[in-house]
Amino acid sequence: MNLLSRSFYQYRRISKMMKLFLIIAGPGIIVMVADNDAGGITTYAATGAKYGYDLIWFLVLLGPIAYFVQEMTVRLGAVTKRGHAEAIFDAFGSFWGWFSFFDLGLTNQLTLITEFVGMTAALSIFGIPPFLTVVIVIILMGAMILQGRYWTWEKLAIFFCLINLIYIPTAFMVHPSVGEVLRQGMIPHFPSGSTSQLFFFLMANVGTTIAPWMVFFQQSSVVDKGMKEKDIPWGQFDTIIGAFFTIVVATFCVIVTATVLRGVDIESAAQAAIMLMGINKYVGTFLAIGLFDAGFLGAICISLATSWAIGEVFGWAHSLNNKVREAPWFYAYYFLSLLIAGIVVLIPNAPLVLITLFVQVTATTLLPAALVFLILLLNNEELMGPYKNNRFQNIVNFSIVIGLIILSTAYGLSALFPNLFQ
Amino acid sequence: MNETNHQFNKPKNLIETIREINAKYRTPRIKMTRMVKLSLIALRAYLIVMLLILFYKFLTLIIH
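Protein sequences, first through last, are from chains A and B.
In terms of the numbering used here, the first sequence is numbered consecutively and its last residue is 422.
In terms of the numbering used here, the second sequence is numbered consecutively and its last residue is 486.
Relax, there's no trap hidden among the hints.
Across the chosen pairs, the derived CB separations fall in these ranges: (1) B:457 - A:406: 17 to 25 Å; (2) A:131 - B:485: 33 to 41 Å; (3) B:444 - A:178: 56 to 64 Å; (4) A:325 - B:444: 27 to 35 Å; (5) A:325 - B:482: 45 to 53 Å; (6) B:463 - A:57: 31 to 39 Å; (7) B:457 - A:226: 30 to 38 Å; (8) B:448 - A:351: 33 to 41 Å; (9) B:438 - A:162: 41 to 49 Å.
Below, simulated EDC-like cross-link-like pairs (lysine to aspartate or glutamate); rule was C-alpha separation at most 20 Å, straight line: (10) A:81 - A:231; (11) B:479 - A:103; (12) B:453 - A:382; (13) B:459 - A:381; (14) B:459 - A:90; (15) B:446 - A:90; (16) B:459 - A:382; (17) B:453 - A:381; (18) B:453 - A:90.
Just a few of them, taken from the derived set where beta-carbon distance is under 8 Å, the chain B residues facing chain A: (19) 439; (20) 443; (21) 444; (22) 447; (23) 450; (24) 451; (25) 452; (26) 458; (27) 461; (28) 465; (29) 472; (30) 475; (31) 476; (32) 479.
Because the hints were derived from the structure by calculation, they are not lab data.
C-beta atoms are modelled at their ideal positions from N, C-alpha and C, and glycine is treated no differently.
Please work from the sequences and hints to get the whole structure.
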């Protein structure tokens with residue numbers, strides 16, 4: 001009887017913990033999975049086609065790196081109850097505040113365009129014209145945020161995160177050799193061939209895993225969700241789960257193209273999907289659905305990140321829990337950013353390659369700044385109290401930040417000067 | 423729920439709003455310890471270098 005009651009108690013305790021986690025979970029999972037946006041999927045598809053399974057170990061390493069960076073935003077948001085944009089203004093003054101604000105706004109708007117590019121390309125494969133895709137997406141995204149509650153938006157976003165897992169069954173459908181994946185993919189080594197090209201791919205994978213908008217998004221999301229200091233451990237666990245899923249999706253995406261399109265030059269995930277359709281209709285279809293979902297997830301998070309930042313800085317109401325009449329400028333900017341992105345994508349011969357270049361370079365300038373500010377804020381005892389970085393976190397985070405700064409700068413430079421690392 | 427100061431919710435003159443924001447955040451709250459100052463100086467230097475490189479790139483694009 002004692003054993004029975006103890007077991008029942010444990011069951012109730014675990015059940016309660018899981019329910020609590022499901023309530024708190026959201027910002028970490030969403031930001032990490034949305035990180036596998038249209039640009040990310042393209043990078044992974046190209047990586048798999050170019051290097052097979054050889055760089056899977058590198059992707060796995062990026063998981064903990066993404067966790068340690070994003071985890072800081074959970075603590076910062078829960079303790080300060082402020083978004084990242086406002087936190088920078090408050091801590092570092094208006095010069096750095098405006099710098100971060102404009103850089104974020106520009107980068108996010110350009111990235112939003114690339115998400116729309118991915119979505120229109122994905123649905124074009126099924127014969128849906130870009131104009132219709134843009135209209136459908138704007139209606140869908142509008143419906144998601146206009147329903148009036150952060151909680152509902154979050155659960156809908158998590159639903160779209162689950163669709164992102166479509167790369168897992170897709171990878172099984174191409175029948176990769178598990179032994180080969182483990183042998184070639186899990187033992188750290190660098191494939192032979194052009195060093196500069198390898199360097200470029202490594203940097204592109206890093207650049208797609210840690211993006212400045214993620215820092216702003218997760219912190220604002222934590223604030224809008226109303227997370228408190230006592231929720232931090234759950235927020236950290238939510239971020240770990242998110243990091244796990246982002247790496248799983250990235251790995252399986254690489255496995256798909258590594259197995260079937262090895263040696264083929266891939267310029268876009270849509271191109272990969274079309275090629276795969278020629279080999280297996282379902283594999284190509286799933287990749288196209290995954291690409292659309294990736295672009296959609298990226299778009300809903302990036303547009304929100306900017307709208308939150310603008311509201312924080314200008315002091316407007318800026319919560320998804322506000323109705324439209326309570327936060328008109330928050331919603332107005334949100335829709336304006338979608339319209340701009342949609343219109344640009346529909347312009348014939350729009351300079352999309354130039355836009356992608358701009359995105360890479362402006363993200364390069366913001367990432368080091370965002371990371372430096374993040375670390376400085378997390379080390380401020382007055383601000384963070386007992387939740388400031390401990391020594392281990394500082395060692396890990398400083399190492400990551402320095403490495404990311406070097407790599408992201410090199411990536412930006414290689415985007416500007418493609419022959420620089422030949 | 424985020425608690426927002428809604429005093430700016432009504433549209434104001436943009437320049438006036440920006441002036442208010444600049445005044446509000448005139449004094450950085452973070453203590454400018456040596457590490458903070460060095461980090462911010464390094465960041466400014468890095469950004470100036472990146473801007474110069476960008477400027478050079480676009481000049482070469484325009485020329486060619």
